[in-house]
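Trainee: Sequence:
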Amino acid sequence: MQSALIVPRRVQDSLVKAGSDLTAPRWDPGTSSVDTFLFERGGKTRNFVLAYHSPFDGRSNLEAIRTCGFAAWEPEYIHFGFFGLGERPNSSFVGRKHLLHMEDTVEVFLDVGCDGLEYAEIQASAYGALTEVYHSWEMPPSFPCNAIDSDQLSRIQMDREWILPGIQSHTKFLPGGDATEPVAWEMRVSIPVGPLLGRRGLPLLLEAGSRVRAHMIRYHYQNNADGVPDLVHLGWMRTTHGSPHVTPMAMGTIVCA
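Residue 210 in our numbering sits at position 196 of the sequence shown, with consecutive numbering throughout.
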């Protein structure tokens, strides 16, 4: 079920429809830092909203965890800036190659071939931990994103040992709130595209007019009545709860402007 677009008032008027394709502007390193470009320029022109969520059963305080963002590109990178609200993200992981989705995290899925056959999954915690996984299908799955066919999952290979050099992330907690009260935070995830493009036999640099398919996710865990953490799954596109990694059909398109 689709939620309302719950976003900071200062960006409400400039948001595109949730789940639609987005146009990403080019960042010029000679004009500003990438964080300034994403969060100061993007502050009034957010170009994606994580407006689809699950479960939708009244347990989640969606007002307190609203999340939107801004995507930009340069020839070697795609940059994703997330703007979120909520308690400080809870993640105990340090370093690389952990199951970051077991605690609070953001995720980006990137399909540079735009065919659903191969795509990268990047997980990033608010405290610098990173994980990358490369997904490959023998043939694109034919099931809809809300009804996974377990028989087709034998067609996918998940390379958890894969390394994508050059991934960057940075998080800034904004003034206000404390460790338990709702706070605002900004998180950048920068993904080098050359190795991904080269793996698909494509030119190694992005240019104006380049298109990639992508999905942006936020995982937030809230304790239920029994004190057990429940996953709240926020996404740019609608997909199966907790299973965006096996639903490549649930991606939108980023167009480099």
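Among the hints, erroneous ones may be present.
Quick list of in silico lysine to any residue cross-link-like pairs, SDA-like style, CA-CA up to 20 Å [claimed, not checked]:
#	residue 1	residue 2
1	Lys111	Pro206
2	Lys111	Val147
3	Lys186	Tyr66
4	Lys111	Pro154
5	Lys111	Leu144
6	Lys111	Ser164
7	Lys186	Ala198
8	Lys186	Gly109
9	Lys186	Val108
10	Lys111	Pro209
11	Lys111	Ala198
12	Lys111	Gln182
13	Lys186	Met172
14	Lys186	Arg102
15	Lys111	Met172
16	Lys111	Ala143
17	Lys111	Asp49
18	Lys111	Ser257
19	Lys186	Ser257
20	Lys186	Glu90
21	Lys186	Ser47
22	Lys186	Leu144
23	Lys111	Thr50
24	Lys111	Trp199
25	Lys111	Ser47
What the hints contain is simulated information worked out from the structure, not anything from laboratory work.
Trainee: Now, for every hint given, state plainly whether the structure supports it.
Mentor: Hints and how they fare:
Distance restraint check for lysine 111 and proline 206: the Cα-Cα separation of roughly 18 Å lies within the 20 Å cut-off, and the hinted pair is therefore satisfied. Straight-line distance between C-alpha atoms of lysine 111 and valine 147 comes to about 9 Å, which keeps the hinted pair within the 20 Å bound. Restraint check for lysine 186 and tyrosine 66: not satisfied, since their Cα atoms lie roughly 24 Å apart, outside the 20 Å limit. The straight-line distance between the Cα atoms of lysine 111 and proline 154 is roughly 26 Å, outside the 20 Å bound, and the hint therefore fails.
For the hint linking lysine 111 to leucine 144, the alpha-carbon distance of about 7 Å falls within 20 Å, and the restraint holds. The straight-line distance between the Cα atoms of lysine 111 and serine 164 is roughly 26 Å, outside the 20 Å bound, and the hint therefore fails. For the hint pairing lysine 186 with alanine 198, the CA-to-CA distance comes to about 9 Å; that is within 20 Å, so the pair holds. Simply put, lysine 186 and glycine 109 have alpha-carbon atoms about 18 Å apart, close enough for the 20 Å limit, and the pair holds.
For the proposed pair lysine 186 and valine 108, the alpha carbon gap of about 17 Å is at most 20 Å, so the pair holds. For the hint linking lysine 111 to proline 209, the alpha-carbon distance of about 19 Å falls within 20 Å, and the restraint holds. For the proposed pair lysine 111 and alanine 198, the alpha carbon gap of about 27 Å is over 20 Å, so the pair is violated. At most 20 Å may separate the alpha-carbon atoms for a hinted pair to count; lysine 111 and glutamine 182 meet this at roughly 14 Å.
Of the pairs offered as hints, the one joining lysine 186 and methionine 172 is violated, with about 31 Å between alpha carbons and a cut-off of 20 Å exceeded. The hinted pair formed by lysine 186 and arginine 102 meets the criterion: a straight-line CA distance of about 11 Å does not exceed 20 Å. Straight-line distance between C-alpha atoms of lysine 111 and methionine 172 comes to about 13 Å, which keeps the hinted pair within the 20 Å bound. Using a Cα cut-off of 20 Å, the hinted pair lysine 111 and alanine 143 holds, with the two alpha carbons roughly 8 Å apart.
A threshold of 20 Å between alpha carbons decides the hint, and for lysine 111 with aspartate 49 the separation of about 25 Å lies outside it, so the pair is violated. The hinted pair formed by lysine 111 and serine 257 meets the criterion: a straight-line CA distance of about 19 Å does not exceed 20 Å. Proposed proximity of lysine 186 and serine 257 is contradicted: the alpha carbons are some 28 Å apart, above 20 Å. Under the criterion of a C-alpha separation no larger than 20 Å, the hint pairing lysine 186 with glutamate 90 is inconsistent with the structure, at around 24 Å.
Annotation: proposed proximity of lysine 186 to serine 47 holds, straight-line Cα distance about 14 Å (limit 20 Å). With a C-alpha separation of about 16 Å, the suggested pair lysine 186 and leucine 144 falls inside the 20 Å cut-off, and the hint holds. Distance restraint check for lysine 111 and threonine 50: the Cα-Cα separation of roughly 29 Å exceeds the 20 Å cut-off, and the hinted pair is therefore not satisfied. Of the supplied pair hints, the one linking lysine 111 and tryptophan 199 is violated, its CA atoms being roughly 24 Å apart against a limit of 20 Å.
For the hint linking lysine 111 to serine 47, the alpha-carbon distance of about 28 Å lies beyond 20 Å, and the restraint is violated.
Hint compliance for this structure: hints 3, 4, 6, 11, 13, 17, 19, 20, 23, 24 and 25 are broken, all remaining hints hold.
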